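Those sequence lines, one after another, are chains A and B.
At the far end of the first sequence sits residue 373, using the working numbering, and the numbering has no gaps.
At the far end of the second sequence sits residue 249, using the working numbering, and the numbering has no gaps.
Some hints could be false.
[What the hints assert, rightly or not] Listed next, with one range per pair, are the computed distances between beta-carbon atoms:
| no. | chain 1 | residue 1 | chain 2 | residue 2 | range |
| --- | --- | --- | --- | --- | --- |
| 1 | A | 159 | B | 209 | 54 to 64 Å |
| 2 | B | 122 | A | 343 | 21 to 31 Å |
| 3 | A | 228 | B | 121 | 18 to 28 Å |
[Said to hold, decoys possible] Simulated coverage check for chain A against chain B, where a stretch passes if three residues somewhere in it have a Cβ under 8 Å from a Cβ of chain B:
| no. | segment |
| --- | --- |
| 4 | 255-265 |
| 5 | 272-286 |
[Stated by the list, open to error] Interface residues of chain B toward chain A, partial, derived using beta-carbon atoms under 10 Å:
| no. | residue |
| --- | --- |
| 6 | 24 |
| 7 | 26 |
| 8 | 93 |
| 9 | 100 |
| 10 | 103 |
| 11 | 111 |
| 12 | 114 |
| 13 | 115 |
| 14 | 117 |
| 15 | 120 |
| 16 | 187 |
| 17 | 188 |
These aren't lab readings, by the way, just hints derived from the structure by calculation.
All values derive from a computational prediction rather than experimental measurement.
C-beta atoms are modelled at their ideal positions from N, C-alpha and C, and glycine is treated no differently.
Single-letter residue listing:
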Amino acid sequence: MSRATFPRLSDWHIAAVLALFGLAGPFLLPTLATQIAFLWLMVVFALTWDMLGGRMGYNSFGNIVFFGIGCYAAAVIQRDAGLPYFEGLALGLVAGAVLSVLAAIVFGAAMLGIRGHYFAIGTLGLGIAAGEIAAGWDYVGAGSGMALPLYPGELGERELFFCYSLFALAACCFLLFRWIYSTRFGLALNAIRDDQDKADAMGLRTTPIKIVAWSLSAFFLGISGGLAANMIGFIDPRDVAFAGATYGVWMVLMTILGGKGTLWGPVLGAFIFHVTQELFWTWLLGWQRVALGLLIVLIVVFFPQGIMGWLAERRARTAS
Amino acid sequence: MSALLEVKNVTKRFGGVVANRDVSLTVRQGEIAGLIGPNGSGKTTLFGSITGAHAVDEGDIFFEGGSIAHLRPAPIARLGLLRTWQQTRIYGEMTCAENMAISAREAHGHVFSLLRPVPAATRRKGDDLLAFVGLHEKKDDKAGSLSFGQQKLLEFAMALMNEPKLLLLDEPTAGINPTLINGLIDRLRRANTELGVTLLVIEHNMRVIMNLAHRITCLAHGEVLAEGTPNEVRDDRRVLDAYLGVA
Ligand SMILES: Nc1ncnc2c1ncn2[C@@H]1O[C@H](COP(=O)(O)OP(=O)(O)OP(=O)(O)O)[C@@H](O)[C@H]1O
Ligand SMILES: [Mg+2]
């Protein structure tokens with residue numbers, strides 16, 4: 054079954070260029086290693102958001118919760134387990150992934166029965182509540198956050214390490230999701246998006262399907278949280294871990310910009326968004342928030358289908 | 003012939019409106035049953051009650067001898083009891099072929115069993131059924147881009163893909179090009195005889211239902227007014243009055 058991916062012929066070319074960039078980029082541009090690492094983090098954000106928002110039609114503003122859980126799980130394990138750095142990090146990432154998936158199962162069972170805007174608003178509340186809880190909980194440093202242990206390697210090695218780790222995570226996420234979307238599970242997600250009552254009435258087990266989808270997103274977000282926390286070196290409950298107003302919104306924005314529900318849309322959206330942000334953010338001085346708001350309006354008004362959706366539409370028009 | 007579906011004394015209210023009052027109806031294994039009645043007489047409501055879209059206020063419903071009145075739509079569908087909608091429901095952003103693939107019976111399986119590509123046999127079967135309803139050329143088109151009549155045909159094909167024992171069709175010929183209606187009647191019959199699907203059909207087109215159904219039940223004001231063979235129902239004075247708005 055041919056799925057709408059544009060430009061179809063060059064799927065492998067894009068993948069090859071990205072892989073080359075992922076592998077050689079940090080070497081060739083060592084000063085940009087941290088920026089590139091953040092780029093892969095953004096790709097994970099967009100890919101995981103698209104699983105629900107694009108493929109399944111559930112707009113979640115609460116995915117940041119899984120990222121935050123990943124941040125704190127790693128920080129606590131690395132603080133308390135008494136392990137050397139890399140062992141502690143590995144255990145922390147596993148703990149973050151497991152806890153995030155558990156959270157997705159619990160929240161999913163409670164919230165995925167809610168439809169449309171109510172789900173969006175409910176998940177927004179989830180993200181805010183998580184930030185407030187973390188900010189008031191002494192065990193995780195409350196409002197002053199947590200510091201992560203120092204990376205033991207040489208100067209410059211640390212950036213490369215996180216750059217490659219996040220690249221590997223983004224690549225795994227992309228490949229796994231691409232495969233999943235090619236299975237009946239992917240079709241089931243689309244069916245739920247297009248008409249959930251119909252899917253129910255055709256005998257699909259929609260509730261478990263929705264929970265598994267959210268769990269898959271949570272899995273990758275949990276790991277990304279642990280890696281990002283270590284890369285940044287410090288987690289603030291509201292500005293890093295449960296940063297709904299920045300990361301949480303960006304996830305949505307990047308996906309819509311690139312084209313939700315498409316193979317390359319989230320990746321493309323993350324690239325464009327991140328590069329634009331890096332180029333113009335400092336230059337905008339205090340006006341970042343205004344620019345972000347403007348960007349949201351522009352995207353929603355002019356690119357409701359995203360770039361990939363727009364391209365596919367144009368191709369369909371010229372073909373007919 | 004044994005009873006496949008038994009509706010027993012079902013009452014369904016929406017606030018003050020009694021949409022179904024003490025309705026009893028039997029569909030026998032292997033037959034084509036018809037359900038007629040003026041607008042607002044409660045036909046679609048009865049379909050909703052049977053397929054679990056809403057709970058009934060009184061009465062009980064049996065499928066293959068077991069009560070299904072308290073089941074949700076998905077488990078009822080998995081038992082082999084399916085419906086189509088008067089306004090049609092298809093997956094609009096997916097292609098016709100994808101609509102067929104996800105309507106296959108194996109999609110009823112446990113969530114992890116879905117983590118496999120669509121089997122070639124399923125895809126072929128989907129193609130065959132699309133050809134059966136005359137939509138094979140539209141296979142790679144988005145379902146949402148089809149005309150209303152074509153969407154009705156697609157929805158019918160999706161239902162057959164699910165291999166139901168009993169299929170409830172809500173006005174299958176509405177919106178279908180009149181020149182194609184005879185072909186559709188033929189396909190409904192073949193679904194019944196060749197694929198072994200028992201049918202309960204709501205239909206406003208009298209010519210169609212008189213032609214198609216073995217037995218017909220007529221509703222009026224939410225109650226069963228008459229039932230019998232097409233000829234008996236057609237000649238029933240009360241049915242005529244109901245349609246003319248006298249009753
Ligand atoms: N969800 C609902 N809420 C409130 N009232 C409803 C609802 N569904 C149906 N009704 C009412 O119940 C009555 C029966 O409606 P129903 O749709 O079952 O009739 P019908 O026989 O299918 O009519 P038609 O031939 O026009 O399709 C009508 O008075 C209708 O207004
Ligand atoms: Mg109706």
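Tested hints:
A C-beta distance of roughly 56 Å is found between residue 159(A) and residue 209(B), which places it inside the suggested range of 54 to 64 Å. For the pair residue 122(B) and residue 343(A), the beta carbons lie near 54 Å from each other, so the given range of 21 to 31 Å is not met. Here the CB-CB span from residue 228(A) to residue 121(B) is close to 22 Å, well matched to the stated 18 to 28 Å. Against chain B, the segment 255-265 of chain A contributes 8 residues with a C-beta closer than 8 Å to a partner C-beta. That satisfies the three-residue criterion, and the hint holds.
Beta-carbon proximity to chain B at under 8 Å applies to 0 residues in the segment 272-286 of chain A; the threshold of 3 is not reached and the given coverage is violated. Using the Cβ-Cβ criterion of 10 Å, the hint placing residue 24(B) at the interface with chain A is not satisfied: the shortest such distance is roughly 26 Å. The beta carbon of residue 26(B) comes no nearer than 24 Å to any beta carbon in chain A, farther than 10 Å, and the hint placing it at the interface is violated. Taken as an interface hint, residue 93(B) checks out: its beta carbon lies about 4 Å from the nearest beta carbon of chain A, inside 10 Å.
At a threshold of 10 Å, the smallest CB-CB gap from residue 100(B) to chain A is about 6 Å, leaving the interface hint in force. Against a cut-off of 10 Å between C-beta atoms, the interface hint on residue 103(B) holds, since the closest Cβ of chain A lies about 6 Å away. Given hint, residue 111(B) at the interface with chain A, holds; its Cβ is 8 Å from that chain's nearest Cβ, closer than 10 Å. Given the 10 Å rule on beta carbons, the hint for residue 114(B) holds: about 8 Å separates it from the nearest Cβ of chain A.
Checking residue 115(B) against chain A: minimum C-beta separation of about 8 Å stays under 10 Å; hint holds. Interface hint status for residue 117(B): upheld, as the beta-carbon distance to the closest one in chain A is roughly 5 Å, under 10 Å. Among the interface hints, the one on residue 120(B) holds; its C-beta lies about 6 Å from the nearest C-beta in chain A, closer than the 10 Å criterion. Taking 10 Å as the C-beta contact cut-off toward chain A, the hint placing residue 187(B) at the interface is violated, the least distance being around 25 Å.
For residue 188(B), the interface hint is violated, the least distance from its beta-carbon to any beta-carbon of chain A being 25 Å, above 10 Å.
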